[in-house]
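Colleague: Using the hints, position chain W against chain P.
Number of protein chains: 2
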Amino acid sequence: MEKLKKYVSVKDEDQFYHEGAVELLVFNFLLILTILTIWLFKNHRFRFLHETGGAMLYGLVMGLIIQYATKASDVESGTVYECEKLTSGQSTLLINITNQVYEYQYKREISHHNVNGHQGNAMLQKMTFDPSIFFNILLPPIIFHAGYSLKKRHFFRNLGSILTYAFLGTAISCIIIGLIMYGFVKAMVHIGQLKGWEFHFTDCLFFGSLMSATDPVTVLAIFHELHVDTDLYTLLFGESVFNDAVAIVLTYSISIYSPKENPNAFDAAAFFQSVGNFLGIFAGSFAMGSSYAIVTALISFMLCEFPMLETGLVFLLSWSAFLSAEAAGLTGIVAVLFCGVTQAHYTYNNLSSDSKMRTKQLFEFMNFLAENVIFCYMGLALFTFQNHVFNPLFIFGAFVAVFVARACNIYPLTFLLNLGRKQKIPRNFQHMMMFSGLRGAIAFALAIRDTESQPKQMMFTTALLIVVFTVWVFGGGTTPMLTWLQIRVGVDPDEDLKAEAASQTASNLDKNTTKAESAWLFRIWYGFDHKYLKPILTHAGPPLTTTLPEWCNPVARLLTSPSAYGDQLKDDDTDYIINNDELTENYESSAHIPVRDRTGSTQATGKEDINEGDLGLGGYKLRLEHTAYQPQMNSLA
Amino acid sequence: MEKLKKYVSVKDEDQFYHEGAVELLVFNFLLILTILTIWLFKNHRFRFLHETGGAMLYGLVMGLIIQYATKASDVESGTVYECEKLTSGQSTLLINITNQVYEYQYKREISHHNVNGHQGNAMLQKMTFDPSIFFNILLPPIIFHAGYSLKKRHFFRNLGSILTYAFLGTAISCIIIGLIMYGFVKAMVHIGQLKGWEFHFTDCLFFGSLMSATDPVTVLAIFHELHVDTDLYTLLFGESVFNDAVAIVLTYSISIYSPKENPNAFDAAAFFQSVGNFLGIFAGSFAMGSSYAIVTALISFMLCEFPMLETGLVFLLSWSAFLSAEAAGLTGIVAVLFCGVTQAHYTYNNLSSDSKMRTKQLFEFMNFLAENVIFCYMGLALFTFQNHVFNPLFIFGAFVAVFVARACNIYPLTFLLNLGRKQKIPRNFQHMMMFSGLRGAIAFALAIRDTESQPKQMMFTTALLIVVFTVWVFGGGTTPMLTWLQIRVGVDPDEDLKAEAASQTASNLDKNTTKAESAWLFRIWYGFDHKYLKPILTHAGPPLTTTLPEWCNPVARLLTSPSAYGDQLKDDDTDYIINNDELTENYESSAHIPVRDRTGSTQATGKEDINEGDLGLGGYKLRLEHTAYQPQMNSLA
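One line per chain: the protein sequences are P and W, in this order.
Going by full-length UniProt numbering, the first residue of the first sequence is number 1, and it counts up by one from there.
Going by full-length UniProt numbering, the first residue of the second sequence is number 1, and it counts up by one from there.
Only chain P is shown next, with the shape it has when bound in the complex (with noise of 0.2 angstroms):
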């Protein structure tokens, strides 16, 4: 009888293992139908659906299928017990039923009005699944990989534009956008909708806040794989990675403004407890990230015979960052974003070629993964989640907010900053950018983290929709508006750079232009880093010996790598910052060089430049470029 029991046992329990195993197996099925898909139609050069967007349509269409094929098995779903005894959540329950004892973790803190005969749904319940596991598991490797292949060639003399997009930017599509929702919000409860609800304006800001994080990841594959213009590239790529940051960090500010009276009025001292908590978690993040990958180099630094051993270390150590900032309260996905820039400016010098390319594939494929499973997901909660609160009124509002929004972002932002840019940027940049304003990963995941008040609800349904809704329109519509606004594609950005040295050598002469005024924070910035970290934290760069004052030599000596004083020319940035006092300080050594030493080792290893991010379409990629584009590069042109 005993034996019995136990054999019962044991069956439960595999029960319950086989349960998790059919949940993500029906992930799997999904991701490998969208990689037969995506496979489908890059055999056929068919544009209108990205990756994001199949995985999304599968994963909508599977929700369907769970949500009217599945039914609640449990008969006692949805029973609330009482429990005299127990006076507070533990996290950690032991309950006694019929002299057997049962242990029950804390899961979350339910409303009343949610309780739902779902409850017992084993299936629905598993598919819902936990929104820490965003934040923790699928957020990071995406956001590390946006930091780790930021270096780019037209990154750093793009800094100033992308940093005022992604800050202030970012700040002003939340405040229009909570400003907008508050007028609907005002006209939903004039005409009756919202009763009993409380809605304050912080509510109407935190969904500005989380509606701010853009995610052109669509568009951005596109622009890759016909080669679009650098600079717009630049310009979008950095402004999504750095905007996700801002949003994160703002919508956390926001979550725990806490006026001490009225909610409605407003609370100076709430106020700058939210700035001053934006600006400390924004900084503490930022440190904690850019620490960790110094760690890294300095230790790869000595570390290099070895690739499983140093990929292992980036890995482990970027992590840490992560879970560092998560564990002193600060944000995790800052910090490794920040880990992730920080890596590839420095410790990347330092990894032998192998390790380069292993952590690049590693990280490459996290991210695939990744990426396909939360736009997956995002398909099947339009189905699965079982308390929508759909508000025609309400998403009707967000989407003309988030429009709005984005263009008071982008056409004034780009105004004030043409008036300091030397190369300006056109008209068809900005309509081209304001139209890339999707929303993704980032937005979907601030807003399933907290859908316990209704208003909540409200808030993730719409943002839902709006997700939806952006990467298939415009996702789909990239390659037909890069045609009606007439911009370049097939472009290579190696030509482009030599060309522009070129012309900046025969304008050398009348130096102190606007630019390199507007730049001077960032040229400091510049010379520091290459005088002084660099050849401390990489074996690139100028040996210390030459920078360092000539009292420091002792210190400078014991400093410098040994290979640094015959491989001035290996540090892969210069040729990055093109840049008047640059030019004329040491053209000949430096900024000009390495142009042409970078593009003869790409030609030799071939391999490393093209598999950059773009799912490894090398030979594709080769043939699109001399038949299908060259027409209709040169049509635009």
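Check before you lean on any hint, since a few could be wrong.
Unchecked claim - Between beta-carbon pairs, the in silico distance windows are:
| # | chain 1 | residue 1 | chain 2 | residue 2 | range |
| --- | --- | --- | --- | --- | --- |
| 1 | W | 61 | P | 412 | 54 to 60 angstroms |
| 2 | W | 69 | P | 164 | 47 to 53 angstroms |
| 3 | P | 190 | W | 137 | 35 to 41 angstroms |
| 4 | P | 422 | W | 302 | 45 to 51 angstroms |
| 5 | P | 431 | W | 533 | 54 to 60 angstroms |
| 6 | P | 529 | W | 69 | 39 to 45 angstroms |
Treat the hints as calculated values from the structure; they're not laboratory data.
Predicted model only: the values in this text are computed from it and were never measured.
All C-beta atoms in this analysis are idealised placements derived from N, C-alpha and C, irrespective of residue type, glycine included.
Modeller: Just chain W now, with coordinates in the frame of chain P:
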């Protein structure tokens, strides 16, 4: 007020995330330490502590710190609550506490004697993670990697011996350990140590089966590094890979052996049911794993332009093999093992060279991480596991049983095998195999799967001690043992194979040797595989038009890849099989030339072969061969 409560609730939730972060951070920290230590050891050619041993050591120290530095934080920990209304264990429990509904998730059934004051120690609780993590997340990549890297030259000609050790050897080992332990248990009952426990012969067999999973990861790493004789390496590697599968299914079959009446008496029906279970689960898992791999091979047949998609597909389909087997009530680990072997045999040939490297490096990296996490965790568990049952007599008995069983497995079976083998397994190889009977991840994972009852807890404690002892003592003693047993090191497998091929050509006339006779079953399979399966599933092998009968020509032409006609020599496996029959049949066309061809390609690409499972010690390995071990090799040879 409402705002304030929300603020607190957000805080609480964050607190929850942070605890998870701290726990992961501890593991990351341990892994980083391990990596740095490995690097230090490798750099100083210190071979007494393998990375897994190091990981275990760090885990142990950390466990000690956690155990004594943290204390039970929860006042109400260990209190069991009564809820009259609850009648059965539900997967989700909604509990009303002071008008707030909390959702609790079912975790496990817990015995009364296991309820203790540490229940509320969040740190300890988080550190002792769910055993299902081992089976669903950590073991699959390790086992798959073993299968995927099994494509070794000498593997196929030792297949018979490997399968004998794996199946017969594991069964012998299980029964011997079971019998010896039963003797010890009887003695313990006699002196009154196990009062009130139920401890049947099946429990002893259960312990025997889980202790039969050998894991010579430490030994194999050193073998690989020192280039120990390839036959010995292959025998040990092959045995350990397949033996895991056998031990897992055996353990499962024994655990569900349930005689109807008296558990001490022998129940023939239940016994045959167990044997049937074993055969059914094994065959089913094998079929599941290999069919997923065949699907992958067929898909990758067309998908060879996009490395990232290929890699994603191989990864997802292999994982699906695992999940499908679990969902179908089979053994996922066994499925994933055979999936790995089949992927290596067929799919690998269809992949682009970029994907070959990507998949290899990806699985190698996952294996590296998972292995070190498991060994770290084993160290941790020695102190953080709350229900250890140390019984000196049982532990002593287990040590004796494990070594006696290993001896009864290796020596008699080798004697029998040597009767049939042309190339005998020498005495010193047998001693080395005896010495390499380490226990590791699988034994641990099987033991931790069920630690509810006290006998199971005692088994777990004992298994853990045996793992720690064998990994440290035998792992550390590998190099001295190799010297003492005068086993060849510094062997170049290519050279080895060529020499042998030459000697076989010389004795080509007397082709009906003992070996050919014993391998008839294998030869039939090989012929079938070479003539039909390989041409259908891969780009390699002879065209079907030449292997199928003439009347099948239309079908054959349809199924043959166009590249197969020119690429007969591409098949990587042909040189793995030195088989008299093959040699006479097509020696000139496929057996000899690939050897030369292969050596050539190895020199050309270089990287691929060196990276194979050796943590990328390319540079180091070469140095080692030429300096440290050359003299020793000469003295041994």
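Colleague: Evaluate each hint against the coordinates.
Modeller: Against the structure, the hints come out as follows:
1. W/61 to P/412: 54 to 60 angstroms: Cβ of residue 61 of chain W to Cβ of residue 412 of chain P: about 59 angstroms, so the range 54 to 60 angstroms holds.
2. W/69 to P/164: 47 to 53 angstroms: holds, 48 angstroms
3. P/190 to W/137: 35 to 41 angstroms: violated, 53 angstroms
4. P/422 to W/302: 45 to 51 angstroms: Holds, at about 50 angstroms.
5. P/431 to W/533: 54 to 60 angstroms: holds, 57 angstroms
6. P/529 to W/69: 39 to 45 angstroms: For residue 69 of chain W against residue 529 of chain P, whose Cβ atoms are near 41 angstroms apart, the range 39 to 45 angstroms holds.
The structure fails to meet hint 3 from the earlier list, while all remaining hints are met.
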